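A.B. asks: As a plain string of letters, each chain reads:
Protein chains: 2
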Amino acid sequence: MAASRSSSTSFSNASTSPCAACKLLRRTCNSDCVFAPYFPDDQSQQFANVEKIFGASNVANMLNDLPIHQKGDAANSLIFEADARVKEPIYGCVGAISRLQLEVAQLQKELCSAHTGIDRYGVYTAGQEYKGSAYGGASASF
Amino acid sequence: MAASRSSSTSFSNASTSPCAACKLLRRTCNSDCVFAPYFPDDQSQQFANVEKIFGASNVANMLNDLPIHQKGDAANSLIFEADARVKEPIYGCVGAISRLQLEVAQLQKELCSAHTGIDRYGVYTAGQEYKGSAYGGASASF
Chain A
29 MAASRSSSTS
39 FSNASTSPCA
49 ACKLLRRTCN
59 SDCVFAPYFP
69 DDQSQQFANV
79 EKIFGASNVA
89 NMLNDLPIHQ
99 KGDAANSLIF
109 EADARVKEPI
119 YGCVGAISRL
129 QLEVAQLQKE
139 LCSAHTGIDR
149 YGVYTAGQEY
159 KGSAYGGASA
169 SF
Chain B
29 MAASRSSSTS
39 FSNASTSPCA
49 ACKLLRRTCN
59 SDCVFAPYFP
69 DDQSQQFANV
79 EKIFGASNVA
89 NMLNDLPIHQ
99 KGDAANSLIF
109 EADARVKEPI
119 YGCVGAISRL
129 QLEVAQLQKE
139 LCSAHTGIDR
149 YGVYTAGQEY
159 KGSAYGGASA
169 SF
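As you go down the protein sequences, you meet chains A and B in turn. Under our numbering, think of the first position of the first sequence as 29, with each following residue one higher. Under our numbering, think of the first position of the second sequence as 29, with each following residue one higher.
No wet-lab data here; the hints were simulated from the structure. Treat the hints loosely; a few may be bogus.
Pairs involving identical chains hold if they fit within one copy or between any two copies, as the list cannot separate such chains.
[Said to hold, decoys possible] No more than 27 Å apart at the CA atoms, straight line, and that leaves these computed lysine-lysine pairs for BS3-like:
| # | residue 1 | residue 2 |
| --- | --- | --- |
| 1 | K137 | K51 |
| 2 | K80 | K99 |
| 3 | K99 | K137 |
| 4 | K51 | K80 |
| 5 | K137 | K80 |
| 6 | K99 | K115 |
| 7 | K80 | K115 |
| 8 | K115 | K137 |
| 9 | K51 | K99 |
Computed from a prediction, not measured in an experiment: that's the story for all the values here.
Chain A extracted, bound-state conformation:
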């Protein structure tokens, strides 16, 4: 997956500093803080983006709805999505999807042309082989 920075972050609530979320939201960072494992105190910009785009309570709800082993990936994809929306306020992630879809279409077109080229060479080669045997010339094996 595109974002995989903090999924393995170990969270120690014995830490003296609150997580990036609790710092921004000015609240006490408890041992059961839903944000702390995924938004450690050095990820303040990431959480600020996520909070601006999705809202803290929506993010908490989305994380709470998932089993523990999926929360890290979900947090990282939310970070990625929020970052894309901050950088590209009209299209967000959908801009990247559109560009990739165009790239796929372009590559498929090029691949189709390349295969047509190979087929033409194949016809040419088969013709050479045929001419070779019909007129007693050298075989086309090279």
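With the hints as your guide, set chain B onto chain A.
C.D. replies: For chain B alone, coordinates are given in the frame of chain A:
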């Protein structure tokens, strides 16, 4: 862009029914409603997804921050993104991006192989031409 349904929706606040947003939020749909042009009353599911993922006030802020001619595209990309997150709660749009990136990588690999194949045929053809002239056989033109 992937989503372009309601960008050209004309909004008449003279309509008797409130927009999908005001209906869900149980508020009066005024003539200056920020949601109404992009979430007409038949788009209740789309607004419900957008509200669940981004929150109504965040969506209003994002739309208000954009010039009028960009609000439609922004609303449609938010609808697309929210729909992706509802369907795929862990990865949302990022899942589609990852799949497209894999598809691009696969196509680039296939294209590279195809070009290598064309180059080999080219070497082969050049060799045939050379053999043809060296041994007095038929020319390679076909």
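A.B. asks: Against each hint, give a clear statement of whether it holds in the structure.
C.D. replies: Okay, the hints, checked on the actual structure:
{"no.": "1", "hint": "K137 x K51", "verdict": "neither (51 Å within a copy, 46 Å between copies)"}
{"no.": "2", "hint": "K80 x K99", "verdict": "both (20 Å within a copy, 18 Å between copies)"}
{"no.": "3", "hint": "K99 x K137", "verdict": "neither (39 Å within a copy, 33 Å between copies)"}
{"no.": "4", "hint": "K51 x K80", "verdict": "both (15 Å within a copy, 25 Å between copies)"}
{"no.": "5", "hint": "K137 x K80", "verdict": "neither (40 Å within a copy, 39 Å between copies)"}
{"no.": "6", "hint": "K99 x K115", "verdict": "both (24 Å within a copy, 16 Å between copies)"}
{"no.": "7", "hint": "K80 x K115", "verdict": "both (12 Å within a copy, 22 Å between copies)"}
{"no.": "8", "hint": "K115 x K137", "verdict": "neither (30 Å within a copy, 30 Å between copies)"}
{"no.": "9", "hint": "K51 x K99", "verdict": "within (20 Å within a copy, 32 Å between copies)"}
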